[in-house]
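Trainee: Since each chain comes alone in its own frame, lean on the hints to assemble the complex.
Each chain is listed here by its residues.
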Amino acid sequence: MNLVEVSHVSKRFGRIKAVDDLSLTLAPGEILGLLGANGAGKTTLIRMICGLIRPDAGDIAVSGKPGYMCQSFSLIEELTVPENISFYGALYGLSRQEVDARAESIVRSLELGDYCDRQVKFLPSGWRQALSFSIAVIADPAVLILDEPTSGLDSLSRRRMWKMIHAKAARGTGIIVSTHYLDEAYYCSRLSILNAGREVAAGAPDKVAASEADLLPYFENR
Amino acid sequence: MILAEHIDKSFGRHRALQDLSFEVGDGQIVALMGANGAGKSTLFDILATVDPAFGGRALIDGIDVRTHPIEARGHIGYVPGRFSLYGDLSVAENLDFFAKAYGCAPEGIESLSPHLWRSIRPFADQRAANLSGGMKQKLSICCAMVHNPSVLLLDEPTVGVDPLSRHDMWDELAALRAKGVTVLVSTHYLDEAAFADRILFLHHGRKLLFDRPDAIAASYRHHLYSIPCTAAELPQIEAALAQQEGILDYYLWGGHLHVATDGDRAGTPICGRPLQPVRPAIEDVFIDTLNASAKAV
Chain B
1 MNLVEVSHVS
11 KRFGRIKAVD
21 DLSLTLAPGE
31 ILGLLGANGA
41 GKTTLIRMIC
51 GLIRPDAGDI
61 AVSGKPGYMC
71 QSFSLIEELT
81 VPENISFYGA
91 LYGLSRQEVD
101 ARAESIVRSL
111 ELGDYCDRQV
121 KFLPSGWRQA
131 LSFSIAVIAD
141 PAVLILDEPT
151 SGLDSLSRRR
161 MWKMIHAKAA
171 RGTGIIVSTH
181 YLDEAYYCSR
191 LSILNAGREV
201 AAGAPDKVAA
211 SEADLLPYFE
221 NR
Chain P
1 MILAEHIDKS
11 FGRHRALQDL
21 SFEVGDGQIV
31 ALMGANGAGK
41 STLFDILATV
51 DPAFGGRALI
61 DGIDVRTHPI
71 EARGHIGYVP
81 GRFSLYGDLS
91 VAENLDFFAK
101 AYGCAPEGIE
111 SLSPHLWRSI
121 RPFADQRAAN
131 LSGGMKQKLS
141 ICCAMVHNPS
151 VLLLDEPTVG
161 VDPLSRHDMW
171 DELAALRAKG
181 VTVLVSTHYL
191 DEAAFADRIL
201 FLHHGRKLLF
211 DRPDAIAASY
221 RHHLYSIPCT
231 AAELPQIEAA
241 LAQQEGILDY
251 YLWGGHLHVA
261 TDGDRAGTPI
271 CGRPLQPVRP
281 AIEDVFIDTL
291 NASAKAV
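Chains as they are written, first to last, in this note's numbering: chain B, 1 to 222; chain P, 1 to 297.
With the rest of the complex left out, here is chain P (with noise of 0.2 Å):
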């Protein structure tokens, strides 16, 4: 379990956190979500035990992080957003130093992570610091995993990784979820987000938005069209949304450009294509929120 209560963290003038609290229950996943520079990273460290210098208390399965560091990381797994493995250590090297470094045996890993571990195998004998970025980060997953913690705080784990290995990766958060382990992970794959029981969206350092995916999902504010859009046709098309009125936002999306209204404007045609309306996904909400609050500045 994981309970943040009135957390707060400046750096100099620069408040990273400000009274966060917020709680995650036994065997819960949840995302944390923000702009770069949100105070993901920073929230991170503290209840890793890594940064002590903050206000307010942090417990991770009810001990304090602060006055209690060593016992905490007994129970923590932690993949920091920063590369933390030994570079001039084989990947078996660096998952067997973490497991001894933990009291425990590197080959638990296979049980305990098998799909990552069997994707990284065939480098076993590699330096780590000759790995793609990719494999890299599924080492230090595994190396944050080897002494079976009962929580787990991954900072922006699938950065780089590819798309099959991220929902490898989901499916094993999944089973760990399953076995009572608790995750708090951040990532900028609104789709990943989307598999978490709770959503924490922080933004600039405050608690915004703590729900269910389908919910943060349900909250958007207004009107949202799809049409079909290359990147080639985007001048024509931002030409034609120019004419139009109630515009709020366009952007792309995929094969397609999100179109944002202050009114229904279904059907209206675009060069032709009429606004097809489309439910919101997280990202739009997300999209949404941050330029509100550009504006708001």
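Bound conformation, chain B alone (with noise of 0.2 Å):
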């Protein structure tokens, strides 16, 4: 069974196509990898399936409510980190006792150490994200979906944060996540390309394209 179906969807900003009649499926333990260029479409795409904003036209059909980090992952820069798990916990509806032993095992295997009673606004990026990434499972979500998450991480929190995502999707949490990493494209279990918003390539990585480089012309303008 699929947790997430997307059927002809189509959605316009002006005059701009931003989503063009595209469908895709993602099954449970899958990583669907979203490339594109800049305007391709991708945010648009993955704010519908999140239910922030309404197709013009087609069908999504999503299994919960799905967890999702957006770009600008919006913790609250005041509160400190186990603050921000409470508020976001509450938001997601668990009870008090669940928000306490979640927060406890996420500041543990954060290993903030410090940090943990600082505001967020003191936070390293690569912590930060990880934070992000926590929150967004707190409710163990079917789906999960992730805008860009490595956007702005060195080499290593990078790893760290994809050791995160494999992780969830050996549990069975089907996952979609856009990036511009292009040797991120090969992490993932199948990949949708988008130009002009529209379906350029899908599929297994290594079928899509060999090496990196020959991911490049899927990004040119069409």
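Careful: at least some of the hints might be erroneous.
Here are the in silico distance ranges between beta carbons for each label pair [what the hints assert, rightly or not]:
1. P:A53 / B:K121: 48 to 54 Å
2. P:P114 / B:R96: 55 to 61 Å
3. B:E78 / P:L241: 41 to 47 Å
These aren't lab readings, by the way, just hints derived from the structure by calculation.
Quick caveat: nothing in here was measured; it's all calculated off a predicted structure.
All residues carry an ideal CB built from backbone N, CA and C; glycine is no exception.
Mentor: Shown next, in the form of structure tokens:
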């Protein structure tokens, strides 16, 4: 059974066709990588799947409420790490005890040390993004949607993030992830490459392109 | 030209930059690298005259940024790591605003940054706040270049920018270099750092390396191998690597796994895949250096 089914979805902003008759599916444990040039429609598609904007045409079915980590991960700067976790835990409808238990395990797994009791705005970006990820999965969603989760991260933080992504997928979570790092295309189980709102290539990463350089032509303006 | 002499900067007890000295000559591109939190953005704020509270001295084209910040600013184009345009203004209005603030014409951007301007021109009437992350970055660079500065300070200008546009941006930096523009640019894309004349590698606020890209790649200290490996195969290959001796580290590298060892292990089969020697890239040196420092703590 598919966790996400997008069929013939379109979305326009004024004269610009952001997403144009697009269809895709996501199965449990799958990591679907969305690639494409700036403005290709990745974020619009993601926001429609999350239910943040309504498509002009087509249908989207998602099982349960997806966990979502957006580009400008929305941690609350003035709150500490545990306070952010409590706040978002409550938003996702977790009970007080559940929130406390999750907060403790997240803080332990991130190895935050002294940063734990400081305001989130003082956290280096690698940790901020890891915290955003932990919050996106706090309610154990069946579907997890990550919009450029490794943007701005150094090589080690980037690989740490992918370990977290793979661990979630191994436990059956279906994941949709967008990225501009071409090496990360090969960390996905399947790719969908968008150009001007349409899917121009799809399939297993090594089938779509034998090397990172072979991915580049898909970014040309159509 | 950029000259930094013994720069020190602390935030409370935290020493963000320590005794940092370096020079970037006219028409040179230096890539600034380091882990998140290494001090890169702190350095940019100092050089761009935003933060005058530091020890040591910094000169832009011979002008002291602390004593003569206004004069220095005329020489500097600065793209900070945070979005710093006017979200409520359109793309065209932002460019116009920055051009007028510097007393020049916004049309100049077409010749100064042709590739980037061509890709954002279709969005000229859109509010900057509504642009995609990559488009915001492109507009930020155009706004920073509108007064034709001799020194460009670019703090992670390619975050969120797609791969082809990143190539375009580096083509433009190369064209600016040919005209004598000096560029200090931070990036986490290590393929980009290879285009720079030199790489300045900051670690916990200190200068760890300052050298040509090829020299840095050649400074790799271990034996490095590659085997094909997808993410799905990783657990099985990890188990096989655990049986081997002398494995220092391994990490995913596109559709491959890079394996660092302390001796010659060429040809050793891992799940039937022989370890293939591979030439270390800058990213391999970077990962090794960060790991070594994490173990030392």
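Trainee: All the hints need checking, so say for each whether the structure fits it.
Mentor: Evaluated hints:
1. P:A53 / B:K121: 48 to 54 Å: Between A53 (chain P) and K121 (chain B), where Cβ atoms are some 19 Å apart, the hint is violated.
2. P:P114 / B:R96: 55 to 61 Å: Holds, at about 58 Å.
3. B:E78 / P:L241: 41 to 47 Å: 44 Å, holds
Consistency note: the structure conflicts with earlier hint 1 alone.
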